[in-house]
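So the sequence lines, in the order shown, correspond to chains V and A. Per the working numbering, the first sequence starts with residue 1, numbered consecutively. Per the working numbering, the second sequence starts with residue 1, numbered consecutively.
No lab work stands behind these hints: they were computed from the structure. Treat each hint with caution, since some may be false.
[Said to hold, decoys possible] Below, simulated BS3-like cross-link-like pairs (lysine-lysine); rule was C-alpha separation at most 30 Å, straight line: (1) A:K379 / V:K205; (2) V:K110 / V:K129; (3) V:K138 / A:K99; (4) V:K52 / V:K110; (5) V:K110 / A:K292; (6) V:K110 / V:K182; (7) A:K16 / V:K15.
Remember, it's a predicted structure, so these values are computed and weren't measured experimentally.
As a plain string of letters, each chain reads:
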Amino acid sequence: MELTFDRLTKQFQNKIAVDRFSYTMTGGVYGLLGANGAGKTTLMRMLCTVLKPTGGEILYNGSTIERMGVAYRDILGYLPQNFGYYPDFSARDFMLYMASLKGIPGHAAKRRADELLHMVGLSDVAREKVGSFSGGMKQRLGIAQAVLNDPKILVLDEPTAGLDPKERIRFRNLISDLSQDKIVVLSTHIVSDVEYISDQIVMMKKGRLILSGSPAELTENAAGLVWTLTVPGSQVRLYEADFYICNLRHMGDMAELRIVSEEKPAPTAQSVPANLEDLFLYHFADELERSNTHPKGGAQQ
Amino acid sequence: MTTLIYYEKKKLLKRKSTLITCLLMVLCIFAISLVFISDQFWFEEDGTELSGVEAIRAERAAIQAQAGPLTQERLRDTLRHYHTVYGDSANYNSAGSLKDDVYLKEIMPYRRILNLLVWVCVSDGLTDVSALNNVTEEMAEGFYEIRRANVRGLLDAEGSGETFTQAEKDAALALDQQVCEPFTYDYTSGWRTLLTRGFPLSFLLIALAVCVIISPVFSWEYQTGADAVVLSAKRGRSQAVLAKITAGFLVTSQIYALGVCTLLLCVLVPFGTGGWNCEFQLLSETSFYGLKIWQVILSGIVINYIVILSVMAFVMLLSAVCMTPFAAVIVSMFCTVVPMFFPAGSAGGLMNHILALLPAKAMETYTVFSAYMFFPMGKTVVTLPYMILIAAIALIVIALPFAHRRFCKHQVV
């Protein structure tokens, strides 16, 4: 099982959304990480055949997915970013409709739909209208429909967006459970969502692949980039102006700063092991600044 | 496939807009039928004015008492009776007009037959019964010959707009040969109301309902964002699209059946079904189609069904192109309604021919079976009802594959 992106490109008029993206995925969970507008969703849409690339191709086990057509879509499960649902359908109706779309015959469809609704904790509300569901319930229904056909490739675009922390944890566990013998491609801009469940992290910036590897490899490679420093509270602003501060903790008159910098920010600063969030900030701080219209120090998310 | 069709149908029927539209359509048809009924009036011999259902009952009873073949002798005798009544000075009041009681007793019951005589035998455009003063009994006896001559005259007329080729004239005259003579006379007000007033309004309402109900077929997927899920599914670009089209067809048929049944019930229950076997020429004397009233009604229902399906196909195409159901509704309603306001005759022959094929005009069954309009196709002359069918089927055949293709090629951006 191998999914290869070969110089995949998508251009919208003057904007290049995905720029010569090349990468190969085998089994496991792949966390696609990038700031908003990095090209994650466009890449996923091309992967799900709902958007045509301008250049390059995607190959599954050596065959282009475009040529595979129905055979490819048969092994695909997709939860889009803005998951469309039919408010007048009950959850069970929606699952049965999706099962029919995926070519699952009647009896098996009913069994599978009930099984998955139970799995995502919606069996109690299976006959209620989807329009009355909360955001988390809709997302759970979304993932249930995505895995109806037991796909080999499961694409989840921002599956945790809009969920509360409890729902997010539940969702992450659900994805882990479902990821056996599959290629799961999961996009997010929330680092903690992918940190624990991803086997591989793929970082995108301005449509390009900038970094990839396991979470451990990536954080190891980032050694020497993260520092902690305790300074008087009055000096915090000075450091905010010059460095990316990924964490700030006030302790009385003093403040403990966690700084991402290639250079040692102060003689008293101590190097600490990096985590994915530090790495994310290191690569995307400029973009986060732009999207948040905050000064450097505001890029603490 | 059956499951897909079931759910696609459910998607359309479960929408609130669908329920509201169907309800409005039925209520509007019911309301216009009430207007048709309240418009009816009749005077009893004692001068009592009746209206609504009572007028319908009284007129029906009066006319059904005379029901039967409208022979030359009968036409002559009716005209003779008219001349006798109008020729007797004792029947006039001091103002020189026919006395009311005489009119109500002697003329009113024969009014429909006298009107037929006026329309056929008086050629200078007069429509009042008093024009019969100049019509002779010989002319009344030659009623059917004069009618045929009028048809020939309309075909031969030059300088009044359209001129017809010899092939077109031959085709029309050949059809006119099939008109049954003598006509059967009976109470036909219900059918007249249905054809001249009920059909144009009701079928337009049905067409508009179809615009509203069918417009979400594809565009609803775009608007909700479900397009990504549908198009990435195994059957999303094949059976799902066919299921959508089939569901649209089934829902359109249901709306059509609902509209037609409501109209027929609302009109025929009060007016009755009498006169169904009369010649269409009782309602449109110069029509050259040799059809009974029931045949025209049935043909109208079939033709309008195909026209409504063509509206459905057009709406589906718009639905596949537009990003929201609202845009599809507005554009399709605009395209359906606007041709109604193009004045006939002012736009030249070709334009008139095109307009006649558009839904707003094509659904006016009475006009369609009364109009002198032909479409040459090679050596064959096609009459308006057939051409409407051909145009509607052509639109269906063209629009649906385009809609199918457009949805399949849709890019989720």
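Going through the hints against the structure:
Taken as a hint, the A:K379 and V:K205 pair is broken in the structure, with Cα atoms around 68 Å apart against an allowance of 30 Å. A C-alpha spacing of about 18 Å is found between V:K110 and V:K129, which places the hinted pair at or below 30 Å, so the restraint holds. In summary, the hint linking V:K138 to A:K99 is not supported, as the alpha carbons are separated by about 81 Å, beyond the 30 Å threshold. For the given pair, V:K52 sits about 33 Å from V:K110 by alpha-carbon distance, which is inconsistent with the 30 Å threshold.
Note on V:K110 and A:K292: the hinted pairing is violated, with a Cα-Cα distance of about 54 Å set against a maximum of 30 Å. Distance restraint check for V:K110 and V:K182: the Cα-Cα separation of roughly 23 Å lies within the 30 Å cut-off, and the hinted pair is therefore satisfied. For the proposed pair A:K16 and V:K15, the alpha carbon gap of about 40 Å is over 30 Å, so the pair is violated.
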